[in-house]
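The chain contents come next:
Protein chains: 2
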Amino acid sequence: VRRLASSGLARDYEVVVGRGTLADLGAEARRVAGGTAAVVCCDENVAPLYLEAVGESLAAAAYQVSHLVIPAGERQKSLSRAEEMYGVLYDRGVRRTDLMVALGGGVVGDLAGFVAATYQRGVRLVQVPTTLLAQVDAGIGGKVAVDFRAGKNYVGTFYQPRLVLADLDVLATLPAAELRGGAAEVAKYGLLAGGELWELAERLAAGGLTAAGVSEDLVAGCAAYKLAVVAADEREETGARAVLNLGHTIGHAVEAATAFARYSHGEAVALGLHATLRLSRELCGLEEAQEQSGHDLLDVLALPRRLDGVRPEQVCALTARDKKADAQGVAHVLLDAVGEPRPGVRVPAALELEVVTWLTER
Amino acid sequence: VRRLASSGLARDYEVVVGRGTLADLGAEARRVAGGTAAVVCCDENVAPLYLEAVGESLAAAAYQVSHLVIPAGERQKSLSRAEEMYGVLYDRGVRRTDLMVALGGGVVGDLAGFVAATYQRGVRLVQVPTTLLAQVDAGIGGKVAVDFRAGKNYVGTFYQPRLVLADLDVLATLPAAELRGGAAEVAKYGLLAGGELWELAERLAAGGLTAAGVSEDLVAGCAAYKLAVVAADEREETGARAVLNLGHTIGHAVEAATAFARYSHGEAVALGLHATLRLSRELCGLEEAQEQSGHDLLDVLALPRRLDGVRPEQVCALTARDKKADAQGVAHVLLDAVGEPRPGVRVPAALELEVVTWLTER
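Residue numbers (the numbering used here), protein chains in the order written: chain F, 695 to 1056; chain V, 695 to 1056.
Derived from the structure by calculation, the hints contain no laboratory data. The beta-carbon is built from N, C-alpha and C at its ideal position, and this holds for glycine as well. Worth double-checking, as some hints may not be accurate.
Where chain V lies over chain F, by a calculated footprint (3+ residues, C-beta under 8 Å) [what the hints assert, rightly or not]:
#1 779-787
#2 808-820
#3 830-842
#4 850-858
#5 929-943
#6 1018-1029
Start from the sequences, fold in the hints, and give me the full structure.
Quick look at the structure:
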């Protein structure tokens, strides 16, 4: 078991990464978060797999446990679903000092996190990420949100959990496509951090991407990288946090341009990373061999390599609507080298279109 | 003009209090907040009075100004109104680096503040409080929220503005009842701070409570008291911020028990303060003469002195639903003496009922 502690946040917290740790959830939550009642939120896919075990662990730690099961899918990240969840908390008399346990992937973490952040101005939140994507990325860092119209995560806030508990054993029940989606974020951290994390990402890919192949070192390494970046810029104000958007500016635009239907988040990020590698060679002097090793890693992970089903112009029109855009447009995060991200790069519109067009023609 | 600066917050900001300051809004906002577009949110009562002047001031400081006018009243503090406002910001392509200007009383400040806090995880917020209540209390401190069912401010967050600008001249157009409601919060700050602020509150009452009688010293004094408390406990976690709830625990329950219809917030706070003064003598040894001077101040301000139209049991049932309640119930803020608040007092249920019953029979 690896224990990471954030530092430098308004309120610091622990990230626990291990195998079989789900059984310790109640004791860990009792230790760091306290509270009387615990509402466990998960989707219909996760409920039959882990809800009982989680409930037992929490009950053994003297929590009054109740459940809040929602349908699966990104469409649940809506204001209307959040409103329904507020009603559940209201009816159950949940208090600020109680716990919301977000048991699931990015959707449940973002949605239950947003509800926890805003109900009574904040009930205590425990993130129990059950997908690789959420364990290495979404479950950490305090971003919570719902979608609004075509705007992904357009209504949200920053709200740090009291505890993040990642059990790698639960990855065994993940569909292969979900595991691949998470691997796209792993590739992102490999490209950002370089060094050991890049090697761990390549090893994961070379091993054929299995749940058993996901190591504590890898997940804890990604989480530690993210915690350090978030501590430097908790509310995305100084620009330091922007590096986490590697591949995401174009990735988000791809998701929006395809109505959040054709590509999963991880698949869209993989496409965004391909484009980012290209742009990095054009604008930041990324070596061709490093660019190629990035493309290769994503290919070995069996992530999509060509953008289909959308015109390049549609994608480029949406990068300008990025939440991080200002009056000068959006700034991309590119790479000077693997392990050396460069945030704040203004990409000429013509070049952005050229690279997205290349992405549709590979 | 008085300029106060917060200190100790995650991001500090300035509070400007003066007469005729509305004309300086654009320049002040440009100096501290920057941004390209400014969306001015106000209600239908305020729009014909001040929207043009505010728009001109902002336009003169090179903001692209647009308006968002909503109906007046507490009922606007709803999730559905917030959703409609998100749609307006979306349609106008508002960015995080743009400004939301909340021009109005507590309702507009809370609602526009909540929308600003959550749209794209936060656009820049400028509070321009136009009621006495908002100038001394609601516009300062970063609490933003909408109501949910009978739960006042049950969905919200903490989000500090970039600037608070209070122009005392605008109080001249306030209905007398609104001025009285604000005076209840002034009385709260007088009771909390004692000393000069208590004397200023008594002077305001003795002068017959006119807009012209509201001094910069008084408003700046209340604002400074609140800023200092908020700095010690920005997110209401340590308990220090609880003193600001003097009179509000019962006041909020009165509002909820009467469906937010019979009493304004300030009137309900006045009733809550009467009960708090009684409880303080019973439980904290508040001197009878000080208790009486508190009741007298509220009476001179022509605030309600008797609770009508609701059974005491209904009010007491709702204090337990206070957002600050934990498993042991809610803790009241009482007074050891004027100027010496004591937070965290557990009031026996029988005594609470006795005092609320007294409030209905005075």
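Hints, one by one, checked against the model:
1. 779-787: holds (count 4)
2. 808-820: Our answer is that it holds, as 6 residues pass the Cβ test (under 8 Å) against chain V, meeting three.
3. 830-842: Coverage by chain V holds here, the residue count being 3 at a Cβ distance below 8 Å.
4. 850-858: Answer holds; 4 residues pass the 8 Å Cβ test.
5. 929-943: n = 3 at 8 Å, threshold three: holds.
6. 1018-1029: Since three or more residues must qualify, the claim that chain V covers the segment 1018-1029 of chain F holds, with 4 doing so at under 8 Å.
In this structure, every one of the numbered hints holds.
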